[in-house]
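Participant: Each chain is listed here by its residues.
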Amino acid sequence: MSQRLLTVEELTIALPSAGDRVNAVENVSFHLHPGEILCIVGESGSGKSMTASAIMGLLPDTGVTVRSGRIQFRGEDLLQMSDERFRAIRGSRIGMIFQEPMTALNPVMRIGDQIEEVLEAHNVPKANRPERVLSLLKAVGLPEPEVLARRYPFRLSGGQRQRVVIAMALALKPDILIADEPTTALDVTTQAQILKLIRDIQRAQGMGVIFITHDFGVVADIADRVAVMQHGRIVEIGPVRDVLDRPSNAYTQSLIGAVPQFRDRPLALSAGAEPVVRVRGLSKTYVTQGGLFTPIKEFKALDNVSFEIHRGETLGLVGESGSGKSTAGRCLVRLIDPNGGAIEYKNTDLAKLSRPQLRPFRSKIQIIFQDPFASLNPRHTVGQSIMAGPLAHGIDARTARERMTRLLIRVGLDASAADRYPHEFSGGQRQRIGIARALAVEPDLLVADEAVSALDVSVQAQVLELLRDIREEFQLAMLFITHDLRVASQLCHRVLVLHNGRVVESGETTSVFRSPRDSYTRSLIDAVPGQEWLRSSGGDPTVRTFA
Amino acid sequence: MSSTLWRLLKNPSAAIGIGLLFLVILVAALAPVLYPQDPWAMVGRPFLPPFTDPQFPLGTDMMGRDIAAGLAYGARVSLLVGIVSTACAIILGVTLGGIAGYYGGLADDGLMRVTEFFQTIPTFIFALVMVAILSPSIQSIIVAIGIVSWPPVARLVRAEFASLRSREFVQAAIALGESDRHIILRQILPNTLSPVLVMGSLMVASAILTEAAISFLGLGDPNMMSWGYMIGASRTVIRQAWWMSFFPGLVIVLVVLTINLVGEGLNDVLNPRLARKGRA
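These protein sequence lines are chains A and B, in that order. Following this note's numbering, the numbering of the first sequence begins with 1 at its first residue and continues without gaps. Following this note's numbering, the numbering of the second sequence begins with 548 at its first residue and continues without gaps.
Some hints could be false.
Partial chain A-side listing against chain B, Cβ under 10 Å, derived [what the hints assert, rightly or not]:
no.: 1; residue: 184
no.: 2; residue: 235
no.: 3; residue: 333
no.: 4; residue: 360
no.: 5; residue: 368
no.: 6; residue: 390
no.: 7; residue: 392
Here are the in silico distance ranges between beta carbons for each label pair [stated by the list, open to error]:
no.: 8; chain 1: A; residue 1: 292; chain 2: B; residue 2: 656; range: 52 to 62 Å
no.: 9; chain 1: A; residue 1: 154; chain 2: B; residue 2: 656; range: 20 to 30 Å
no.: 10; chain 1: B; residue 1: 656; chain 2: A; residue 2: 293; range: 13 to 23 Å
no.: 11; chain 1: B; residue 1: 741; chain 2: A; residue 2: 289; range: 29 to 39 Å
no.: 12; chain 1: B; residue 1: 804; chain 2: A; residue 2: 131; range: 57 to 67 Å
no.: 13; chain 1: A; residue 1: 304; chain 2: B; residue 2: 651; range: 23 to 33 Å
no.: 14; chain 1: B; residue 1: 551; chain 2: A; residue 2: 424; range: 12 to 22 Å
no.: 15; chain 1: A; residue 1: 265; chain 2: B; residue 2: 554; range: 54 to 64 Å
no.: 16; chain 1: B; residue 1: 669; chain 2: A; residue 2: 127; range: 51 to 61 Å
no.: 17; chain 1: B; residue 1: 706; chain 2: A; residue 2: 151; range: 40 to 50 Å
no.: 18; chain 1: A; residue 1: 292; chain 2: B; residue 2: 804; range: 43 to 53 Å
no.: 19; chain 1: B; residue 1: 554; chain 2: A; residue 2: 144; range: 53 to 63 Å
no.: 20; chain 1: B; residue 1: 818; chain 2: A; residue 2: 394; range: 32 to 42 Å
no.: 21; chain 1: A; residue 1: 442; chain 2: B; residue 2: 557; range: 44 to 54 Å
Keep in mind the hints are simulated off the structure, nothing from the lab. Quick reminder that beta carbons are idealized off the backbone N, C-alpha and C, glycines included.
Next up, chain A with everything else stripped away, as it sits in the complex:
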């Protein structure tokens, strides 16, 4: 560990003048030893990806420039290097994996050819290439490499694609692997596999890995050392145990404190006897039209799902992507029409109503969406967005305006926010606006579809707190859809685990998560990153304080 593989010294990257701060990265210094995994962790906009791009020489050419500093790779400064020399190093000595496996592969090129192209670019003799491709695909744990090499990317799952991307990055046995949020877009079970793969390969080849993530669970599972970034600076750097268990910096402490964890005790609930909504046998099958030579395909997104939610109660709907959890939420608000089953609300079956008949009931069940950037109309002021609902239900403008102002303040925004446009707000603030919009029509049931998944961990904790408060204040029934079991455990009284459209397990949250009966539930729970660390930290896991 004596020799340094990579040294970054006082790196400063300037943003174009229009940005909200002068430098994307300021005075950042760190180094990487062979055979070491360094995690760079931080919230969005902290400059962690920009640092990685600078090392790879991939900074966007729109005014983002390295102002000062050195990036030394085995004693050579990458920033002073000729393009040609850099190209030889990039890919062969330093490999990179990106976040989105969907876009990192060329969709119209076979997998094998894409990997061969990397080998070709770095002068591997043609005769050796096919064999190398197969051994690489095998090394990243892909089944039937011969068959897979001839496939196109669209036939692979997200996890398989990420394995292919890793195979490409490893094609020339680089000394350094830079991984920029490689598991963020993946399901939790796939994430666990990819993390293990990266760690195994790193051990076997003695690579240095720079792993960029926002998830402290992942950090705990994979890192040797960790650097915490905030506003373009490294605020803390050190061995993973020291930083996670004894953080010295206040920002690191607050970040770690905000990491959601499994709750130990069941949440107290004083639910009414009569459920607000009772869902029975809900089913949704998607049918793709058959062509002349293609048979009709059926996909059961939801298969006979039943549940009920009481006043003041939160039901968690958890599962991986494609499990049908979002479909269930959208069926409940009737954005999607279910094929079968009943949604009973006050003795009315909402599933059977036609769209016009449904309108008076619309206000009773509201939904909050995942993407705070897509869920507000960019051309409407915040006030217009929030008042649209009440006005559509015939409430007069003055009452609507009063209610809007009250709700804005209630969700923690200023009343003056009403006259501003969504682009002036951050992700967390927009999510608060989305919540205010849903509450403006005074619903009985709130469907939150991955409502905190796109948010940074500290913002996530605040929005969860808000949801908890309004649930109590308005005695709301809530259907909380999430892929993150830790978040579900924080907020939900009961959970429903969905797998391939079917309910595999349901019950009180802590008992389901502590002693799952179903093997699928168990695999989901085992895949949650950072469990060892959370267990070892001991104490009351819901409250984490640092002296």
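Start from chain A and add chain B according to the hints.
Facilitator: This is chain B only, laid out in the frame that chain A set:
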């Protein structure tokens, strides 16, 4: 919108375009003041070459009509046809495209088949036939050009509506129980206007060209002086009197170029991500 205009003026080619367009509009508006006599009136010696008589700077045609006056009055026809027919096409296209994109299903299938039907007929010939049937007049030219140029608008708007409809803010509006009319007009439509505006500005240019071509073939409004008519009428004497067709041709090229400059400037400003590269 004022910031859009400002950014447009900072784009050099768009600024030139806007300046020239303003000049054309000014000339068209002031035509009766600048040339109080009828553009059809024979005011001078026939076949007077340009730059010889200060009273007729661009010369006269074979009947002794003032070419400069003809150009000024022709600008009125060209702008009128270009703007009104484009407005008709946009209203029609946005309505049909919006309905098809928002409702999908049968409405979409039906309306898109109609759109495709219109698109299979060569536009210019279709426009000519319609003008011939409706009897040549400025109204029928406007109607004909409007009817042949709405399908691309409808397709664009349909695609925008279909993608915006699945966006979460529209889904939220549906869940809030807003009426379809409200969602279409207030939520979706404002978000589709930028590309429509760009397309519309370029359609004005092609409508002017189409009108010129129709008039060239002698199907223009017999009571209104138009650039296309001027070229068409003087083409037989082009060897002896080049200026009679040259100046109207030059004006058509310039005006179309001008409108294209404005349209592309609008495109760069309204769709910054699609802006063509290679310009600082």
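Participant: Each of the hints needs a verdict: does it hold here or not?
Facilitator: Status of each hint after checking the structure:
no.	hint	verdict
1	184	20 Å, violated
2	235	34 Å, violated
3	333	5 Å, holds
4	360	8 Å, holds
5	368	9 Å, holds
6	390	9 Å, holds
7	392	4 Å, holds
8	A:292 with B:656: 52 to 62 Å	18 Å, violated
9	A:154 with B:656: 20 to 30 Å	27 Å, holds
10	B:656 with A:293: 13 to 23 Å	22 Å, holds
11	B:741 with A:289: 29 to 39 Å	34 Å, holds
12	B:804 with A:131: 57 to 67 Å	59 Å, holds
13	A:304 with B:651: 23 to 33 Å	28 Å, holds
14	B:551 with A:424: 12 to 22 Å	18 Å, holds
15	A:265 with B:554: 54 to 64 Å	58 Å, holds
16	B:669 with A:127: 51 to 61 Å	56 Å, holds
17	B:706 with A:151: 40 to 50 Å	30 Å, violated
18	A:292 with B:804: 43 to 53 Å	49 Å, holds
19	B:554 with A:144: 53 to 63 Å	55 Å, holds
20	B:818 with A:394: 32 to 42 Å	38 Å, holds
21	A:442 with B:557: 44 to 54 Å	48 Å, holds
Checked against the numbered hints given earlier, this structure breaks hints 1, 2, 8, 17; the rest are met.
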